[in-house]
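Enquirer: Listed here are the chains, written in short residue letters.
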Amino acid sequence: SQKIEQNSEALNIQEGKTATLTCNYTNYSPAYLQWYRQDPGRGPVFLLLIRENEKEKRKERLKVTFDTTLKQSLFHITASQPADSATYLCALEYTGRRALTFGSGTRLQVQP
Amino acid sequence: DAGVTQSPTHLIKTRGQQVTLRCSPISGHKSVSWYQQVLGQGPQFIFQYYEKEERGRGNFPDRFSARQFPNYSSELNVNALLLGDSALYLCASSHPGRDTGELFFGEGSRLTVL
Chain A
1 SQKIEQNSEA
11 LNIQEGKTAT
21 LTCNYTNYSP
31 AYLQWYRQDP
41 GRGPVFLLLI
51 RENEKEKRKE
61 RLKVTFDTTL
71 KQSLFHITAS
81 QPADSATYLC
91 ALEYTGRRAL
101 TFGSGTRLQV
111 QP
Chain B
1 DAGVTQSPTH
11 LIKTRGQQVT
21 LRCSPISGHK
31 SVSWYQQVLG
41 QGPQFIFQYY
51 EKEERGRGNF
61 PDRFSARQFP
71 NYSSELNVNA
81 LLLGDSALYL
91 CASSHPGRDT
101 GELFFGEGSR
111 LTVL
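Heads up: the sequence lines are chains A and B, in that order.
Here the first sequence stands for residues 1 to 112, numbered as in my numbering.
Here the second sequence stands for residues 1 to 114, numbered as in my numbering.
The set of hints was computed from the structure by calculation and includes no laboratory data.
Here the structure is a predicted model, which means the values were calculated and not measured.
The beta carbon of each residue, even a glycine, is placed where N, CA and C say it ideally should be.
Among the hints, erroneous ones may be present.
Stretches of chain A that chain B covers, calculated by requiring three or more beta carbons in the stretch to come under 8 Å of a beta carbon on chain B [unchecked claim]: (1) 42 to 48; (2) 71 to 84.
Some chain A residues well away from chain B (every beta-carbon gap over 12 Å; in silico) [as the list claims (entries may be wrong)]: (3) I4; (4) D67; (5) S104.
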């Protein structure tokens with residue numbers, strides 16, 4: 001079965017630095033790869049989506065890369081702020097199946 | 001516009017009881033999905049409904065069932081509750097006609113089974 005690996009250890013960085021989160025998966029590549037943000041006790045919030053034929057996607061301070069050869073996506077937050085502190089979830093979507101397969105998330109803590 | 005709304009927000013049940021969770025999607029969204037999120041884990045897919053028909057089911061026992069109503073709202077029902085059913089149950093809706101699975105989640109229903 002498909003497995004998704006996100007760093008289970010929290011990522012602690014200083015304000016203003018770039019945070020880089022990793023999502024690795026096994027087996028076949030998804031049609032789409034999505035990133036969500038989740039705050040404690042809240043539902044996930046969609047951030048970015050990247051298609052399998054795209055290498056990079058940007059939105060304001062966010063950037064996602066997708067390497068189907070390495071079976072890896074990187075999620076970058078530039079000029080990080082304490083308000084960026086949250087858990088970030090990677091999710092895979094396969095063609096014809098609208099269910100998302102989520103990783104367990106990486107908790108980001110941005111120190112002021 | 002209102003987002004996805006879920007009720008109740010919190011509930012406590014005992015083993016063996018039954019629970020019904022409710023979800024109203026974003027206006028215009030015809031697809032509703034249910035996910036279970038255990039503490040420290042990512043959401044796990046339970047069901048997807050589109051136009052009142054089940055379109056997908058995750059790896060959950062038959063104790064879990066759901067339905068979608070003509071107004072596209074949905075209910076998730078769990079029978080014979082086990083301690084392991086304690087989790088945050090998330091409902092998500094999505095826009096019809098798009099080829100992507102961007103999901104809009106509600107805030108969830110926190111179920112505690114004692």
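Enquirer: Could you tell me which of the numbered hints above are not met by this structure, giving the numbers in increasing order?
Expert: Those not satisfied are hints 2, 3 and 5.
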